[in-house]
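Asker: Residue numbers (this note's numbering), protein chains in the order written: chain L, 7 to 278; chain R, 7 to 278.
Only true hints are included.
No copy labels: a pair is met if it fits in one copy or bridges any two.
Think about it this way: if two alpha-carbon atoms lie no more than 25 Å apart in a straight line, the pair counts; the simulated SDA-like pairs of lysine to any residue are:
no.: 1; residue 1: Lys-239; residue 2: Pro-275
no.: 2; residue 1: Lys-20; residue 2: Leu-211
no.: 3; residue 1: Lys-20; residue 2: Asp-57
no.: 4; residue 1: Lys-20; residue 2: Pro-212
no.: 5; residue 1: Lys-20; residue 2: His-214
no.: 6; residue 1: Lys-239; residue 2: Glu-168
no.: 7; residue 1: Lys-239; residue 2: Glu-162
no.: 8; residue 1: Lys-239; residue 2: Asp-115
no.: 9; residue 1: Lys-239; residue 2: Ser-172
no.: 10; residue 1: Lys-20; residue 2: Ala-266
no.: 11; residue 1: Lys-20; residue 2: Ala-270
no.: 12; residue 1: Lys-239; residue 2: Asn-121
If you are wondering where the hints come from, they were derived from the structure by calculation, not from laboratory data.
2 protein chains.
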Amino acid sequence: MDLAHCSLNSVTVKNASFSRLIELATRHGFGGVGLWRDAYAGNGAAAAARDLRKAGLRVSSVCRGGAFPQPDETSRAAALADNLRAIDEARTLDADCLVLVCGAAAGRDLAAARNQIEDGIAELVPHADEAGVRLAIEPMHPMMVADRSAITSLTEAVDLVERLASPRVGLCVDSYHVFWDVNLAGELARAPEALMSVQLADWVLPIHGQLSSRGMPGEGSIDLPGFVQLTRKAGYRGLVEVEVLSDRWWATDPADTAQAAADALREIPDPS
Amino acid sequence: MDLAHCSLNSVTVKNASFSRLIELATRHGFGGVGLWRDAYAGNGAAAAARDLRKAGLRVSSVCRGGAFPQPDETSRAAALADNLRAIDEARTLDADCLVLVCGAAAGRDLAAARNQIEDGIAELVPHADEAGVRLAIEPMHPMMVADRSAITSLTEAVDLVERLASPRVGLCVDSYHVFWDVNLAGELARAPEALMSVQLADWVLPIHGQLSSRGMPGEGSIDLPGFVQLTRKAGYRGLVEVEVLSDRWWATDPADTAQAAADALREIPDPS
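Isolated chain L (complex conformation):
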C-alpha cells in the first residue's frame, strides 16, 4: 500500500515521545497517526493538534473511550466524565473517530455488561453529535471478553450499531480481533456506512497474556491483503492503521519498529 493511505498508531512505537512519533510517521510518508491518549497527555490535545497540522498528518483515530460496565455509580460517573473528555480531545485533534473499547463484565453476567455498554454508548451520542465526533465500537477478540470488551464479534458489533441507529456510531475493525470469523466478509458488507476505522496487526503464537502478543503484518497467520481488500470492497476509504501491541516490538528501537511497519504495509497490495 501507498503509505499516504496508511496511519501509524502511536502504540506500535509506544516508547517513542510524541515528537518522535511525528518524526517517524513523516519520515516514512504516513498519511496520519492513530493516537492513544497517553501519547499526547503530556502537552495536551491542543498542542498535539498544532504539531500534527504543521507536519501535515491526519489523526485516523483516538483510543479510547469505553469501559461502560462499572461496579457502582461512582465509577460509572467517572467513566462517563472520562468518555466526555475523550470526545472533546477527539474533536480538538479533528480525529476521524474515537475508538470505544467497551469494557468487560464486572462479574460473570455478560448479558448485563452488554446492556450497560449499549446504554453507555447511547448516553454519549448527544455530546458526540455536538462535537461532531464519530464513535467507533471495536469488537475485540473473544480472548479479551473478561478483561477488555464484552463485544466479541463483528456480528455482535454490527447488531449494536444497528440498534443504536445513529450515523455518529460505527465500527473500528481490527484484523487481529475479527479475522477468525467465518462471517467476516458478510458482516463487513453489512456495515458499509459504519466502517470508521480499519486497523492491522497479525496473529502470532504463542499468546503471552491477552494484550500484547501481536505481530507485524506478514509475521502471522492472517491473510491481511485479503482483509484490506474486504474492507475496501465494503466501502472503507479512510487511512489503514498499523496498530501492533507487541512486547517483542516494544523492546526494539522505535525507529526499527516504524521501519518494519512501513515495510510490512508496502508489502500489502493497494486494494482495487
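Chain R: place on chain L using the hints.
Answerer: Structure of chain R alone, referenced to chain L:
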C-alpha cells in the same frame, strides 16, 4: 451436581495412570470418564473397556479425531487412517461420542481449511455409521484458530452439523470455548438433537499459551451454573464432563486435582 451425572476427563488428571484415573473417578462417585487416547494407549482400548466395565464407569467421550486440513496427500491419508482407528477405539470403549478437533489451516486460507474439514467429516460418516459411533464437532475458542481448529464458534459448528445432515454428526460443547458468544443460548436451542457432549472448564487470566491456561469450575469468569442449565434446557441428558487443561493443576497431585474437580462440580446446582 450429583457426580453420578458427571464425568472426569482424563486430561484433567493427565499425570495419573489409567488405573489411577479409574480409582479417582470411582472414589468420588463419577458416572464416567472422558478419555484422551493417550490415557489408554499403553494397554489398548479393549483392556481399558474391560477395566471400566468392571468399575461401572461409562465413557462419555473419546478425544480425539479431526486434523482434517493437511498440507499434502500423504499426511491427509495418515490423518484419515488415524480417524478410522479413533472411531474403532470409540466403539470398543462404547463411548458416547468421538470428539473432533477439526484442525487449523496449513497456511492463511481459512475458507479452504473449512472446506477440508467439511469434506473430511463427510468421509468418516460411513465408517462411523457401521461402528455406531457418534462424531462430535467441537467448536474451539477463536484463539485456537491458527493451531487447533478453524471451527471457531457454535454458530459455525451448528451450521456445519446442519449441512452434513447425519444423525451421526453432532456437537461437543465446552464452556471454555463458547461462553463468550452473545448467541450462546440461541445456538444451543437450535441444536437439541445434536448435543453429544458437554464439557466444563473456567476462563482464567492471564492466558499462558492457548491450550492449558484453563481453570477449575468456579475459579474464573464463566457463569457455569447458567451454562449447564442452558445445555439441559437444550435437551442434553448425558454426563457433564470436567475437562480442565491447566499447567497449574497438572503440577499438583492428581488426587488433589480430582478432589478439587469433584468439589467444584458439587457447587453447581443440578439443572432443573
